[in-house]
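Visitor: Residues 512 to 859 in this note's numbering are what the sequence shown lists, from first letter to last.
Don't read these hints as lab results, they were simulated from the structure. Where hints are given, some of them may not hold.
[What the hints assert, rightly or not] Cβ-Cβ distance ranges computed for the label pairs, FRET-style: (1) T813 - K713: 50 to 60 angstroms; (2) F816 - I518: 46 to 56 angstroms; (3) A618 - D744: 31 to 41 angstroms; (4) R768 - E592: 34 to 44 angstroms; (5) E619 - H772: 20 to 30 angstroms; (6) K713 - V595: 35 to 45 angstroms; (7) A662 - M829: 17 to 27 angstroms; (8) K687 - V535: 20 to 30 angstroms; (9) N536 - V781: 33 to 43 angstroms; (10) I518 - D744: 44 to 54 angstroms; (11) Q542 - K841: 33 to 43 angstroms; (12) D598 - Q651: 27 to 37 angstroms; (13) M590 - F816: 26 to 36 angstroms; (14) D596 - D744: 41 to 51 angstroms.
[To be verified] Dumping the calculated BS3-like pairs for lysine-lysine here, alpha-carbon to alpha-carbon at most 25 angstroms: (15) K835 - K849; (16) K524 - K545; (17) K787 - K824; (18) K524 - K687; (19) K842 - K824.
None of these values were measured; they are calculated from a predicted model. Yeah, the Cβ is synthetic: ideal placement off N, Cα and C, and Gly gets one too.
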Amino acid sequence: NKKTGDIYFTGRKDTPIESHLYKVNINKPLQISKVSKREGFHRIAFSKDASVYIDSFSNYMQPPQVSLHKANGQHITWMEENKVDKDHPFYPYKSDYIKPRFGTLTAEDGQTLHYRIFEPVGFKGKRPTINYVYGGPGVQRVTNTWSVRNALIQHLVQKGYVVFQLDNRGSYQRGKKFEDPIYKHLGEIELVDQLTGVDYLKTLDIVDPDRIGIYGHSYGGYMTIMGMFKAPDVFKVGVSGAPVTDWGLYDTHYTERYAGHPGKDNQDYVISNVFKYADGLKGDMLIYHGMADDNVLFTNATKLFKHLQDLGKEFDVMTYPGSKHSIRGKKTGLHLAKTIVRYFDKNL
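Let the sequences and hints guide you as you build the complete structure.
Guide: Take a look at the structure:
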């Protein structure tokens with residue numbers, strides 16, 4: 512605002528799991544105040560004169576809303592209230608919706624790791640637990656925001672599973688220091704932090720330490736395989752979706768940023784690829800992949816299939832002809848969700 516000297520920006524000053532609107536005056540740069548109040552994610556678009564803004568908001572229990580505000584945060588009007596009343600499609604399910612519990616752990620280098628855990632209600636005894644992982648750079652999973660991914664989590668929790676998510680070092684929105692440890696160590700530091708999360712899970716009365724599974728898609732699929740290969744006594748069951756198995760097959764603009772040049776740093780690629788650890792597989796593992804995947808090429812999957820076959824390892828496969836990196840479509844998406852749940856039901 513040129514008249515007042517106020518500068519507005521979104522950030523995560525108070526917690527990395529939420530995004531808020533903040534204000535600072537150009538003449539008092541050390542006095543930062545938070546404008547947005549509701550807990551959750553605020554995505555902001557200001558008018559040219561910075562007098563009003565549009566707030567696209569959601570949190571874990573509230574689907575996206577859009578509202579107009581004065582620059583001081585005062586609500587003017589709803590553009591889309593999306594109120595969860597009796598006519599809302601989410602209303603019949605809201606009472607059974609499990610709200611996550613957020614918390615923090617400490618990595619081996621002293622940095623803070625954020626997690627969220629979903630605990631089933633109405634079940635007795637220790638429960639099977641699924642570590643739902645992504646783990647790669649540029650993505651953050653532990654947030655207080657609405658997401659379509661919540662549907663699968665809620666289904667699993669309502670069936671009696673504990674679901675746990677942790678953003679390891681290398682993941683998004685935590686700064687360079689938090690991301691740096693994975694450089695030329697893909698699949699190593701991330702797993703160390705995920706296992707820190709598992710150690711915490713084993714302290715909980717609700718978790719059966721002998722029935723812990725791991726699931727993820729894309730980089731999470733890669734992490735699932737690394738978990739099953741490198742920590743076979745920790746993870747009993749794994750479901751890996753569209754995994755990178757050979758970083759030499761992935762986009763150079765991404766891979767070289769984190770693994771170096773494949774010619775100069777070939778050994779770093781060998782260490783980060785999954786094949787050298789495959790002999791460690793002991794548990795039940797399902798790999799699914801879209802056969803028309805133009806992001807993580809299907810060759811990643813077939814190369815691992817052949818390697819596991821040569822080692823005499825048993826594993827399960829589900830392929831999706833015509834599907835790309837995201838397995839979409841009403842029928843195909845439903846088939847995938849049922850396949851994932853059925854695999855954990857059978858083996859975990």
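Visitor: A separate judgement is required for each hint: does it hold in the structure or not?
Guide: Here is what the structure says about each hint:
1. T813 - K713: 50 to 60 angstroms: Since the Cβ atoms of T813 and K713 sit about 36 angstroms apart, the hinted range of 50 to 60 angstroms is violated.
2. F816 - I518: 46 to 56 angstroms: For I518 against F816, whose Cβ atoms are near 54 angstroms apart, the range 46 to 56 angstroms holds.
3. A618 - D744: 31 to 41 angstroms: Since A618 and D744 have Cβ atoms about 22 angstroms apart, the given range 31 to 41 angstroms is violated.
4. R768 - E592: 34 to 44 angstroms: Holds: the Cβ-Cβ distance is about 41 angstroms, inside 34 to 44 angstroms.
5. E619 - H772: 20 to 30 angstroms: holds (28 angstroms)
6. K713 - V595: 35 to 45 angstroms: holds (36 angstroms)
7. A662 - M829: 17 to 27 angstroms: holds (19 angstroms)
8. K687 - V535: 20 to 30 angstroms: holds (22 angstroms)
9. N536 - V781: 33 to 43 angstroms: violated (53 angstroms)
10. I518 - D744: 44 to 54 angstroms: About 53 angstroms separates the Cβ atoms of I518 and D744, which means 44 to 54 angstroms holds.
11. Q542 - K841: 33 to 43 angstroms: Because 51 angstroms falls outside the window, the suggested range is violated.
12. D598 - Q651: 27 to 37 angstroms: With Cβ atoms ~33 angstroms apart, the hint holds.
13. M590 - F816: 26 to 36 angstroms: violated (50 angstroms)
14. D596 - D744: 41 to 51 angstroms: holds (49 angstroms)
15. K835 - K849: With Cα atoms ~19 angstroms apart, K835 and K849 stay inside 25 angstroms; holds.
16. K524 - K545: This hinted pair holds, its Cα atoms lying about 9 angstroms apart.
17. K787 - K824: With Cα atoms ~14 angstroms apart, K787 and K824 stay inside 25 angstroms; holds.
18. K524 - K687: holds (16 angstroms)
19. K842 - K824: violated (31 angstroms)
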